[in-house]
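**Student:** Chains A and B are the protein sequences, given in the same order. Each residue of the first sequence is one higher than the last, beginning at 24 in the numbering used here. Each residue of the second sequence is one higher than the last, beginning at 14 in the numbering used here.
I should point out that these hints are in silico values taken from the structure, not numbers from a laboratory. Don't take every hint at face value.
Cut-off 30 Å, straight-line C-alpha distance, at most; resulting in silico cross-link-like pairs (DSSO-like, lysine-lysine) [claimed, not checked]:
1. K89(A) / K333(B)
2. K26(A) / K303(B)
3. K15(B) / K51(B)
4. K353(B) / K89(A)
5. K197(B) / K333(B)
6. K353(B) / K333(B)
7. K303(B) / K268(B)
8. K34(A) / K51(B)
9. K142(B) / K34(A)
10. K34(A) / K486(B)
11. K89(A) / K303(B)
12. K51(B) / K22(B)
13. K34(A) / K15(B)
14. K76(B) / K333(B)
15. K22(B) / K142(B)
16. K197(B) / K89(A)
17. K197(B) / K303(B)
18. K374(B) / K333(B)
19. K89(A) / K76(B)
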Amino acid sequence: MNKFTLQLRVKQSEGALVRILGVTRRRRFDLLHLTADTSEDGHFLDVQMTVQADRAENTLVRQIEKLEDVSQVEVVEPDEAAAERRAARSTAR
Amino acid sequence: MKGAEFLVKALEHEGVEIIFGYPGGAIMPVYDALLDSKIRHILVRHEQAAALAADGYARAAGKVGVCMATSGPGATNLVTGIANAYMDSVPMVAITGQVATSLMGTDAFQEVDIFGITLPVVKHSFLAKTAAELPRIVHEAFRIARSGRPGPVLIDLPKDIANTVAEYEFHEDDTSEEIAEPSKESITRALTLMRDSRNPVVYAGGGIGMGNALDEFRAFIETTRIPVVATLKGLGALPTTHEFALGMMGMHGTKTANHAVQTCDLLICVGARFDDRATGRLNAFAPNAKVIHLDVDRAEVGKLRRADVPVIGNLRHALKALTWELGNIEPWRRECTASKETHAWDYAAPGAEVYAPGFLKSLSDRAGDDSIVACDVGQHQMWVAQHFHFNRPSQHLSSGGLGTMGFGLPAAIGAQLAFPHATVINVSGDGSIMMNLQELATLRRYDLPVKIVLFDNRALGMVRQWQELFHDKRYSEVDLSDNPDFCRVAESMGIPAFRVEDRADVSSAIDRLLAEPGPMLAHVLIHQEANVWPIVGPGRSNSEMLHQHEVAREVAR
Chain A
24 MNKFTLQLRV KQSEGALVRI LGVTRRRRFD LLHLTADTSE DGHFLDVQMT VQADRAENTL
84 VRQIEKLEDV SQVEVVEPDE AAAERRAARS TAR
Chain B
14 MKGAEFLVKA LEHEGVEIIF GYPGGAIMPV YDALLDSKIR HILVRHEQAA ALAADGYARA
74 AGKVGVCMAT SGPGATNLVT GIANAYMDSV PMVAITGQVA TSLMGTDAFQ EVDIFGITLP
134 VVKHSFLAKT AAELPRIVHE AFRIARSGRP GPVLIDLPKD IANTVAEYEF HEDDTSEEIA
194 EPSKESITRA LTLMRDSRNP VVYAGGGIGM GNALDEFRAF IETTRIPVVA TLKGLGALPT
254 THEFALGMMG MHGTKTANHA VQTCDLLICV GARFDDRATG RLNAFAPNAK VIHLDVDRAE
314 VGKLRRADVP VIGNLRHALK ALTWELGNIE PWRRECTASK ETHAWDYAAP GAEVYAPGFL
374 KSLSDRAGDD SIVACDVGQH QMWVAQHFHF NRPSQHLSSG GLGTMGFGLP AAIGAQLAFP
434 HATVINVSGD GSIMMNLQEL ATLRRYDLPV KIVLFDNRAL GMVRQWQELF HDKRYSEVDL
494 SDNPDFCRVA ESMGIPAFRV EDRADVSSAI DRLLAEPGPM LAHVLIHQEA NVWPIVGPGR
554 SNSEMLHQHE VAREVAR
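Turn these sequences into a full structure, and let the hints steer you where they fit.
**Tutor:** Here it is as structure tokens:
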């Protein structure tokens, strides 16, 4: 299994997030974690998602890049702050 | 001006001459505006045919096809045609009416989330939420549909937006970006592999025709003298009668083409995507070959087969840059062309019944170089690919990716409207024709001289063939022996028709069909057990082609 995290920027437009999640599912990547926030200027959605699959990360990255409203796709180290928040939540439970 | 009136003006502004569609409640403002437009509207009898006709028009004419339907069932009926365009990268704009914005999300009459339904099968889509964004949406839809790797774009237009009166101005911002040239480094690396290769093969796909790279491709082949195998959509990139053309590869490809690919040391893939019907078992495909992959869509490179050298970008530039003489491949090319002669098609089949491959060969010889063939899906589709000669890919309209039965008749309608004086032939089967049979009425209404060759084996032939070969002859739901009388059906819709039952009558039947000035249907009876040969079985490597005589021997044992 290949597990990795993507940092995406997508224009705030009809169905923007659904499109990204749809491509992820159709290309057979499992979603493990997702955060999405509106950018400060309100025009974009910044998405971080961690996925896993048997397939190479580029097979997903290249498909997401093709989406008309996506302006940035990067494979990143998972956001540590987000990871800590998750860890804190699971301890709290 | 109302939004609907602006939409129609904007379509005119984009150069749209024909729209295929079907009216209904939510799209009525647009149909009202169409009355005052010079755009020709073709009223089909089922929305699926509107989308498929727009697809056929786009493939034949090289323009963006436009289809239109109302909300709800009108919109869902378009979906198969949109998916068909998506899978074969055909430029299309589909316009759907939608219930008024105040009713959206309330399960209103004829409300359906067509935006959501089509997400997986569009290149992009728009929901017009305000009248102000209409100009940009229309402009962007056409730009996206035709740019880069083309595809379908949906515009969902709520009825209140269509009725909104406002000042509209055309969106003139010309954002159509040039496709990037491939990197110099990739060209240098590709040329090194080409010069080192003794047994290279070019694997030609649909991207060559769709990327308007025919001239560059042919110059590339004439100069490098590399043998060419084609995908279903790549047929005609090099004329199929060309000395270096080895025929179609894959499941129903030629022995020569598949053997060349399986034994080559370098595979140069041009605008193709390693589809499973072309490659057979992927891990046994071209096992000794390094791969150079030329494509405009970098998501296709490395998707299924690693490319040693990806060449991403404009095919025309890439091919031009790779057009150099190669000194060392003559023996290999002679081997390939000699194999072509050894494995040439044999049209002397036993029996007195019509032999479909022979029929198509004769039809091709007589229909002329400007004819266009639109086929449906199944055995007849493969026979067309195998036995018709194509001088350019846009002569051959075939549903490759989606494999849509019912594509042929609407696609032929689209092609005939694009080229009113061309000989347009729909080759169909008794299964497929019933999927959009209602469009015979459209042929009549517009008096389109489409010629229909309907091969009738009283079965779902391709499925029957698979059940015979791979399911121990356990025939399940493939019998169509209760077909209607197709001649009478056609005649009842005003299309003259005649039946062909004997091989001796084929020649006069083709004459009669081609001489008819209007539409005509030839109902051609063929043997129920006629199969498409050769065939690569499911999950098998392209090295393991089954031939008719081999299977016959096996059965005899």
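**Student:** Measure nothing beyond the straight line between the CA atoms of K353(B) and K333(B); if it is 30 Å or shorter, mark the hint as holding.
**Tutor:** holds, 28 Å
**Student:** Taking 30 Å as the top limit, are the C-alpha atoms of K303(B) and K268(B) close enough?
**Tutor:** Measuring from Cα to Cα gives roughly 21 Å; hence the hint holds.
**Student:** K76(B) and K333(B): Cα distance at most 30 Å?
**Tutor:** Distance ~24 Å between K76(B) and K333(B) Cα, so the pair holds.
**Student:** Starting from K34(A), check that the Cα of K486(B) is at most 30 Å away, please.
**Tutor:** Given that 30 Å is the threshold and the Cα spacing comes to 55 Å, the pair is violated.
**Student:** Given the hinted pair K89(A) and K333(B), is their Cα-Cα distance within 30 Å?
**Tutor:** With Cα atoms ~26 Å apart, K89(A) and K333(B) stay inside 30 Å; holds.
**Student:** Does K303(B) lie within 30 Å of K89(A) when you go C-alpha to C-alpha?
**Tutor:** This hinted pair holds, its Cα atoms lying about 27 Å apart.
**Student:** Hey, K197(B) versus K333(B), does the alpha-carbon distance stay inside 30 Å?
**Tutor:** Holds - the C-alpha atoms of K333(B) and K197(B) are around 12 Å apart, at most 30 Å.
**Student:** Could you grab the alpha-carbon distance between K142(B) and K34(A) and see if it respects the 30 Å cut-off?
**Tutor:** Given pair K142(B), K34(A) holds - Cα atoms ~16 Å apart, limit 30 Å.
**Student:** Taking 30 Å as the top limit, are the C-alpha atoms of K89(A) and K76(B) close enough?
**Tutor:** Answer holds: K89(A) to K76(B) is near 22 Å, not above 30 Å.
**Student:** Holds or violated: K374(B) and K333(B), Cα atoms, limit 30 Å.
**Tutor:** Roughly 34 Å separates the two Cα atoms, so the pair is violated.
**Student:** Please verify whether K353(B) and K89(A) have alpha carbons no more than 30 Å apart.
**Tutor:** violated, 40 Å
**Student:** With the threshold set at 30 Å, check whether the alpha-carbon distance from K26(A) to K303(B) stays at or below it.
**Tutor:** Holds, at roughly 29 Å.
The structure fails to meet hints 4, 8, 10, 18 from the earlier list, while all remaining hints are met.
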